[in-house]
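K.L.:
As a plain string of letters, each chain reads:
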Amino acid sequence: MGRPVAILGSGQTVHGRRFDVSYPELVKEAVDAVFETTGISPADIDGVVFGTMPSMMEGVALTHFYFADVLRSVGKPILKTETCGSTGVSLAITGYYWIASGMADLVLVVGSEKMHEGDAQATMTTVLEPFYQRFFISGAPGVFSMQSQGWTVRFGIPEDKIRAAATKLSIDHHHDAFDNPYAHIKKRLTEDEVNNARIITYPVRLWDVCPTSDGACAMLFASEKAAKKLGKKVAWVKGVGYSGDEYWFGDSDKAEWQCAISASRQAYEMAGIKNPRKELDVAEVYNPFTFQELLFYECFGFCGFGEACDLTLKGVFGRDGELPISPSGGVLCTNPIGATGLNRVAEAALQVTGQAGAHQIPGAKTSLAHAMGGVVQFNGVMILGSEK
Amino acid sequence: MEKEFNTFKNVIRLPHKYAAGPTYTKFYNGLKESKILGTRCPSCAVTFVPARSFCPKCMKNLDTWVEVAQEGEVQTWTYAGKDFFGIPGKAPVVIVLVKLDGTEGSFLHLIGGINLESADTVKKALRKGTRVKAVWNEEKKGHMLDIKYFAPLSKKR
Amino acid sequence: MADRVGIVEVAMTPGAESKDNFLDQVFRTSKELLDKAGISRDEVGTVVSASSDVFHGGVSCASSYYWDAGAAFLKNASRQDGESLFAFIYAVMRILSGNYSTAMVLGVCKGSENPANDMLTHFFTDPFYQRQIGLNETVAAALQKREYMTKYRITEEQCAAVVVKNLGNALKNPYAHVKKRVSVEDVLASEMVMEPLRKMECAPKSEGMIAMLLAREDVAVKLTDKPVWFKGYGSSMDHFYLGDRDLLNGQLGTAAAKAYEMAGITNPKKEIHVAEICEPYSFQELLWCEDLGFCDRGKGGKLIESGATGPGGKIPVNPSGGVLAHNPYVTRGLYRLAEGFLQVRGQAGERQLGRKVTTALAHGTHGFAGQCHAVVIIGK
Numbered sequence: 001m002g003r004p005v006a007i008l009g010s011g012q013t014v015h016g017r018r019f020d021v022s023y024p025e026l027v028k029e030a031v032d033a034v035f036e037t038t039g040i041s042p043a044d045i046d047g048v049v050f051g052t053m054p055s056m057m058e059g060v061a062l063t064h065f066y067f068a069d070v071l072r073s074v075g076k077p078i079l080k081t082e083t084c085g086s087t088g089v090s091l092a093i094t095g096y097y098w099i100a101s102g103m104a105d106l107v108l109v110v111g112s113e114k115m116h117e118g119d120a121q122a123t124m125t126t127v128l129e130p131f132y133q134r135f136f137i138s139g140a141p142g143v144f145s146m147q148s149q150g151w152t153v154r155f156g157i158p159e160d161k162i163r164a165a166a167t168k169l170s171i172d173h174h175h176d177a178f179d180n181p182y183a184h185i186k187k188r189l190t191e192d193e194v195n196n197a198r199i200i201t202y203p204v205r206l207w208d209v210c211p212t213s214d215g216a217c218a219m220l221f222a223s224e225k226a227a228k229k230l231g232k233k234v235a236w237v238k239g240v241g242y243s244g245d246e247y248w249f250g251d252s253d254k255a256e257w258q259c260a261i262s263a264s265r266q267a268y269e270m271a272g273i274k275n276p277r278k279e280l281d282v283a284e285v286y287n288p289f290t291f292q293e294l295l296f297y298e299c300f301g302f303c304g305f306g307e308a309c310d311l312t313l314k315g316v317f318g319r320d321g322e323l324p325i326s327p328s329g330g331v332l333c334t335n336p337i338g339a340t341g342l343n344r345v346a347e348a349a350l351q352v353t354g355q356a357g358a359h360q361i362p363g364a365k366t367s368l369a370h371a372m373g374g375v376v377q378f379n380g381v382m383i384l385g386s387e388k
Numbered sequence: 001m002e003k004e005f006n007t008f009k010n011v012i013r014l015p016h017k018y019a020a021g022p023t024y025t026k027f028y029n030g031l032k033e034s035k036i037l038g039t040r041c042p043s044c045a046v047t048f049v050p051a052r053s054f055c056p057k058c059m060k061n062l063d064t065w066v067e068v069a070q071e072g073e074v075q076t077w078t079y080a081g082k083d084f085f086g087i088p089g090k091a092p093v094v095i096v097l098v099k100l101d102g103t104e105g106s107f108l109h110l111i112g113g114i115n116l117e118s119a120d121t122v123k124k125a126l127r128k129g130t131r132v133k134a135v136w137n138e139e140k141k142g143h144m145l146d147i148k149y150f151a152p153l154s155k156k157r
Numbered sequence: 001m002a003d004r005v006g007i008v009e010v011a012m013t014p015g016a017e018s019k020d021n022f023l024d025q026v027f028r029t030s031k032e033l034l035d036k037a038g039i040s041r042d043e044v045g046t047v048v049s050a051s052s053d054v055f056h057g058g059v060s061c062a063s064s065y066y067w068d069a070g071a072a073f074l075k076n077a078s079r080q081d082g083e084s085l086f087a088f089i090y091a092v093m094r095i096l097s098g099n100y101s102t103a104m105v106l107g108v109c110k111g112s113e114n115p116a117n118d119m120l121t122h123f124f125t126d127p128f129y130q131r132q133i134g135l136n137e138t139v140a141a142a143l144q145k146r147e148y149m150t151k152y153r154i155t156e157e158q159c160a161a162v163v164v165k166n167l168g169n170a171l172k173n174p175y176a177h178v179k180k181r182v183s184v185e186d187v188l189a190s191e192m193v194m195e196p197l198r199k200m201e202c203a204p205k206s207e208g209m210i211a212m213l214l215a216r217e218d219v220a221v222k223l224t225d226k227p228v229w230f231k232g233y234g235s236s237m238d239h240f241y242l243g244d245r246d247l248l249n250g251q252l253g254t255a256a257a258k259a260y261e262m263a264g265i266t267n268p269k270k271e272i273h274v275a276e277i278c279e280p281y282s283f284q285e286l287l288w289c290e291d292l293g294f295c296d297r298g299k300g301g302k303l304i305e306s307g308a309t310g311p312g313g314k315i316p317v318n319p320s321g322g323v324l325a326h327n328p329y330v331t332r333g334l335y336r337l338a339e340g341f342l343q344v345r346g347q348a349g350e351r352q353l354g355r356k357v358t359t360a361l362a363h364g365t366h367g368f369a370g371q372c373h374a375v376v377i378i379g380k
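Protein chains in written order, with this note's numbering: chain W, 1 to 388; chain X, 1 to 157; chain U, 1 to 380.
Simulated from the structure, these hints should not be mistaken for lab results. Treat the hints with care, as some may be off.
As a list, the in silico DMTMM-like pairs of lysine to aspartate or glutamate whose alpha-carbon atoms are at most 20 Å apart [what the hints assert, rightly or not]:
| hint | chain 1 | residue 1 | chain 2 | residue 2 |
| --- | --- | --- | --- | --- |
| 1 | X | K17 | U | D118 |
| 2 | U | K31 | X | D63 |
| 3 | X | K123 | W | D160 |
| 4 | X | K99 | W | E322 |
| 5 | W | K161 | X | E73 |
| 6 | X | K133 | X | D63 |
| 7 | W | K274 | W | E322 |
| 8 | X | K124 | W | E159 |
| 9 | X | K57 | W | E159 |
| 10 | U | K36 | U | D225 |
| 11 | X | K99 | W | E256 |
| 12 | X | K123 | W | E159 |
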């Protein structure tokens with residue numbers, strides 16, 4: 001283990017269809033917010049970590065050039081971390097290692113996406129290589145639907161039960177989003193509305209799927225020395241984990257998803273967590289699809305395989321449950337891909353510092369942030385705590 | 001967010017040409033002869049199909065070629081009722097992972113030869129374990145879609 | 001810093017077009033590295049790669065595609081976009097954090113299957129102002145060259161001399177892409193691409209897959225009897241809009257100052273024994289030499305005339321042939337570092353410098369007219 005690493009604060013933009021600003025202005029909104037919230041001067045940062053989803057998304061490549069000024073990176077070192085959908089957590093992990101290495105005391109970490117300026121699903125299709133698989137993959141929902149289908153059959157979960165659990169998650173998260181000032185989609189939904197919404201790719205229906213959002217998130221990672229200087233309550237990084245599968249979809253089982261299991265176990269081991277459901281107070285799970293969220297509960301050891309639906313229906317993972325999941329409304333309500341994972345870390349940090357406002361989980365001391373990406377291929381996990 | 005300003009439309013297309021290399025080339029040539037070829041790892045004995053040049057776990061070169069079965073079992077599938085960017089042909093389509101007999105992983109392709117009117121009609125014909133068989137196009141181009149689709153062998157297992 | 005980080009081994013492909021597919025090349029380079037270093041995939045702690053979606057064949061989320069080919073299956077790994085020296089320093093950070101004792105750095109670029117670099121660098125522009133004017137890297141470099149020539153009376157002959165030197169050096173480099181014995185006259189007679197830049201003054205478009213193994217000191221000395229140590233790093237970013245920048249006084253000086261400070265270098269002219277500089281355009285080698293402190297401002301032309309940067313000179317620059325001889329866009333920084341590593345080890349083959357080499361400098365740049373620079377110092 002390297003030096004202790006703290007998170008001093010975060011800035012999120014309001015998410016949505018942000019045609020009121022250009023892309024650099026959107027990034028600036030988040031960056032300005034984190035400096036304003038923490039009272040830190042941009043001149044004091046030692047470096048910048050930045051990332052988005054792929055270049056095709058907005059049609060600008062190597063966007064750290066484009067955003068050099070608004071990222072306050074002029075005259076400073078920058079790292080450009082990108083790992084597809086998991087970019088946000090990979091950005092946070094980069095910030096962590098930079099500080100832990102002793103090469104910096106204060107690093108600005110920023111993720112962004114302006115999805116309405118491109119064609120998100122068309123971009124996703126180009127994640128597939130051109131030889132064997134690109135012809136068949138219908139953007140993101142296609143592969144994730146197949147994963148969910150495989151999981152349902154594997155553990156013999158009746159279709160009406162998984163539908164009921166997914167519906168509960170959809171209703172709860174869309175409702176939770178009202179308490180999050182930055183969330184994109186906030187809606188009071190009925191069971192009938194969710195169950196009868198149009199099919200996107202079977203069995204996934206409209207309200208089981210995240211929106212496409214424009215947004216950015218900025219955070220400050222710091223050494224113990226810089227954290228003390230700030231003199232405010234900060235979050236501490238307790239564990240990091242990241243893992244990736246083989247590239248080819250079909251090479252391995254995605255129900256007991258090996259990289260999700262391995263990423264979470266790396267982070268638990270580093271944080272000394274043995275029983276995540278008991279020891280975590282809140283988790284921000286990367287949940288662009290309700291069905292997949294259930295699968296994550298099992299892969300992360302929040303419950304046994306095949307148990308997620310029953311426990312969800314019992315309310316174990318609700319706002320007042322034993323382990324509240326994504327009280328921000330999560331990815332299901334807000335998904336600016338390159339920022340999404342970082343939003344999870346920002347939310348997890350807000351929770352353990354008692355600053356989550358209307359969606360604060362009372363007394364939260366340990367939280368988990370997660371992001372997923374690639375061709376059902378990558379998972380990254382970060383554990384935060386209120387104590388060093 | 002109340003006010004929106006101008007937008008500027010800019011469509012970019014870039015021409016790429018991809019080197020297929022010996023392994024994919026041989027796989028494509030197999031398709032031209034209505035064969036599905038895989039490569040087997042000498043170390044972990046897993047057969048990869050479509051053919052791969054290395055094993056991701058063992059980091060071994062794969063040069064043991066096997067012609068694999070053209071029949072297999074449906075692992076999972078999805079249904080798209082509307083056209084999407086890059087869709088192979090026109091909607092509706094069913095995209096499937098098929099575990100070809102004698103292989104360990106799954107093969108990504110399409111399902112056809114059934115009623116594709118809705119997800120419900122597909123559900124009647126398809127479930128995990130449904131036996132399917134490759135149906136070939138008459139004209140072969142050395143392309144994944146030389147296999148027209150996989151069709152269920154019979155309604156019952 | 002508690003520990004030292006050493007470079008243990010390197011593996012790389014030559015720059016000319018290969019009909020091998022992308023994934024096979026990544027796999028073979030990774031495997032060659034592991035075999036040369038004598039360790040298994042399981043023993044590699046972490047992998048940090050460098051790539052770019054637009055520079056590797058229009059496959060988005062680059063690292064998804066080559067993740068397992070690059071030995072990262074089920075590992076805690078990551079990726080940097082655009083500049084391969086970023087991947088190097090991120091791997092160094094991961095080791096220094098105490099979490100890993102070994103790290104593989106991977107850089108991937110298969111230039112032969114992509115559209116022209118100018119088409120791709122056009123993507124760096126904002127869609128509103130600079131894209132509509134057709135800005136790309138060559139246009140930016142042409143603007144920079146004219147400014148440089150005008151302000152400091154740098155001559156066409158001095159710029160051409162860089163090409164003569166580097167393509168000549170490349171004759172001895174099996175990894176280089178373009179290698180030729182050419183004269184200043186040949187360069188000046190080559191087609192004008194973007195006035196005042198001629199074709200031979202612009203780097204080609206090349207392939208380049210490269211893998212490097214790093215290790216914490218205690219592990220490095222077990223894996224090799226010739227580790228080359230990481231000594232210093234500096235990087236700096238300039239403003240985005242070309243018009244907002246001083247093209248003749250960019251950020252390389254800042255980056256170099258940081259790297260020198262970390263490495264304890266006070267007199268680079270004396271203490272750097274070889275410099276591998278990223279010069280996609282002839283005159284940039286002269287300008288970058290000034291920024292690195294090898295000569296005074298405006299004296300880059302005189303520096304090459306003096307022969308100091310030749311293979312037998314006081315401060316040899318680009319004995320590999322540099323980027324003019326081999327330009328795999330994303331990985332060219334890591335190729336510079338690899339050459340520095342081989343020179344320090346005394347394993348640069350025919351192009352091994354006659355002088356003592358204990359300290360080497362590697363430089364990477366990407367973006368218009370050097371918007372971002374990175375400098376790495378390594379040594380015995």
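K.L.:
Are the hints correct? Go through all of them and say.
P.N.:
Structure-based check of each hint:
1. K17/X - D118/U: With a Cα-Cα distance of about 17 Å, the restraint between K17/X and D118/U holds, given a limit of 20 Å.
2. K31/U - D63/X: holds (16 Å)
3. K123/X - D160/W: holds (15 Å)
4. K99/X - E322/W: violated (39 Å)
5. K161/W - E73/X: Distance ~25 Å between K161/W and E73/X Cα, so the pair is violated.
6. K133/X - D63/X: violated (26 Å)
7. K274/W - E322/W: holds (16 Å)
8. K124/X - E159/W: holds (14 Å)
9. K57/X - E159/W: Given pair K57/X, E159/W is violated - Cα atoms ~35 Å apart, limit 20 Å.
10. K36/U - D225/U: holds (13 Å)
11. K99/X - E256/W: Satisfied, since the Cα-Cα distance of roughly 17 Å is no more than 20 Å.
12. K123/X - E159/W: holds (12 Å)
Consistency note: the structure conflicts with the earlier hints numbered 4, 5, 6, 9.
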